[in-house]
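Those protein sequences? They're chains Z and H, same order as listed. For the record, in the first sequence the residue sitting at position 106 is 106 according to our numbering, with numbers rising by one throughout. Offset between the second sequence (1-based) and our numbering: plus 1000.
Incorrect hints may appear among the rest.
As the list claims (entries may be wrong) - List of simulated lysine to any residue pairs, SDA-like, C-alpha gap at most 25 Å:
no.: 1; chain 1: H; residue 1: Lys1102; chain 2: Z; residue 2: Ser52
no.: 2; chain 1: Z; residue 1: Lys39; chain 2: Z; residue 2: Glu105
no.: 3; chain 1: H; residue 1: Lys1027; chain 2: H; residue 2: Thr1057
no.: 4; chain 1: H; residue 1: Lys1027; chain 2: Z; residue 2: Thr56
no.: 5; chain 1: H; residue 1: Lys1102; chain 2: Z; residue 2: Phe62
no.: 6; chain 1: H; residue 1: Lys1102; chain 2: Z; residue 2: Glu70
no.: 7; chain 1: Z; residue 1: Lys39; chain 2: H; residue 2: Gly1041
no.: 8; chain 1: Z; residue 1: Lys39; chain 2: H; residue 2: Gln1022
no.: 9; chain 1: H; residue 1: Lys1102; chain 2: Z; residue 2: Val3
no.: 10; chain 1: H; residue 1: Lys1102; chain 2: Z; residue 2: Gly41
no.: 11; chain 1: H; residue 1: Lys1102; chain 2: Z; residue 2: Glu105
no.: 12; chain 1: H; residue 1: Lys1027; chain 2: Z; residue 2: Gly57
Source of the hints: derived by calculation from the structure; they are not laboratory data. Treat the numbers as computed from the prediction; the structure is a model and nothing was measured.
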Amino acid sequence: ETVLTQSPAILAVSPGDSATLSCTASQSINDNLAWYQQKPGQAPRLLVYGASTGHTGTPARFSGSGFGTEFTLTITSLQSDDFAVYYCQQYNFWPRTFGQGTRLEI
Amino acid sequence: VQMLQSTVEVKPPGASVKVSCQASGYKFRDYGISWVRQAPGQGLEWMGWIYSDTQYTRFAQMFEGRVTMTADTSTNTAHLELRNLKSDDTATYYCARVVTGKDEPLDNWGQGTLVIVSS
């Protein structure tokens, strides 16, 4: 199965800063990657799909990039509402797989 | 779009659980449903997928033989059945709508069903 490795596991930043989250696939998945945000006690929420396309309602400060095996989610001008856990997920191969998550902390 | 799930299930080890997911606000047949689980304090684990129109399924290998996924197009409800429950099946189980086409992200999620496996 395709393993997704997210780094770092925990990222501590300040409001107003930018954050860069990485996701590396064990084999090429083209651009078939999505990013999700999960806050405590809530279901995950889709942010980005197709590696770089923002889902409806995703603020413009969230941007995704990458192709093949290396992917990045960048969040600029961090707001208090952005502190959460972020997961990448590939849908190029069966079984679909998730990364282990990056926790964004203040 | 809404995905409404049953809330809590408590089952003893060795039993089966059936979790429901009532979809509304879209044409049920045109999308798939994925099931994803999350053990307490852990990450997301993809379990499987069903295409609502054809009932075609794909599962993660670790669940093969122990899981059944169905999609009732008359009631727009998807079901997940997990058999021979073990204590490490204790988790929140989410259903999510899966877009069909070039991109297949999970774009709408249920609120989750907490399944507790305990004697």
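For each hint, the structure was consulted:
Using a Cα cut-off of 25 Å, the hinted pair Lys1102/H and Ser52/Z holds, with the two alpha carbons roughly 14 Å apart. For the suggested pair Lys39/Z and Glu105/Z, the alpha carbons sit about 12 Å apart, so the restraint of at most 25 Å is met. The suggested pairing of Lys1027/H with Thr1057/H holds, with an alpha-carbon distance near 19 Å, which does not exceed 25 Å. For the hint linking Lys1027/H to Thr56/Z, the alpha-carbon distance of about 19 Å falls within 25 Å, and the restraint holds.
In summary, the hint linking Lys1102/H to Phe62/Z is supported, as the alpha carbons are separated by about 22 Å, within the 25 Å threshold. For the proposed pair Lys1102/H and Glu70/Z, the alpha carbon gap of about 20 Å is at most 25 Å, so the pair holds. Annotation: proposed proximity of Lys39/Z to Gly1041/H holds, straight-line Cα distance about 12 Å (limit 25 Å). Between Lys39/Z and Gln1022/H the alpha-carbon distance is near 23 Å, which keeps this suggested pair within the 25 Å criterion.
In summary, the hint linking Lys1102/H to Val3/Z is supported, as the alpha carbons are separated by about 21 Å, within the 25 Å threshold. As the CA atoms of Lys1102/H and Gly41/Z are separated by approximately 31 Å, the hinted pair breaks the 25 Å bound. For the proposed pair Lys1102/H and Glu105/Z, the alpha carbon gap of about 34 Å is over 25 Å, so the pair is violated. Only pairs whose Cα atoms come within 25 Å are accepted, and Lys1027/H paired with Gly57/Z is accepted, the gap being roughly 21 Å.
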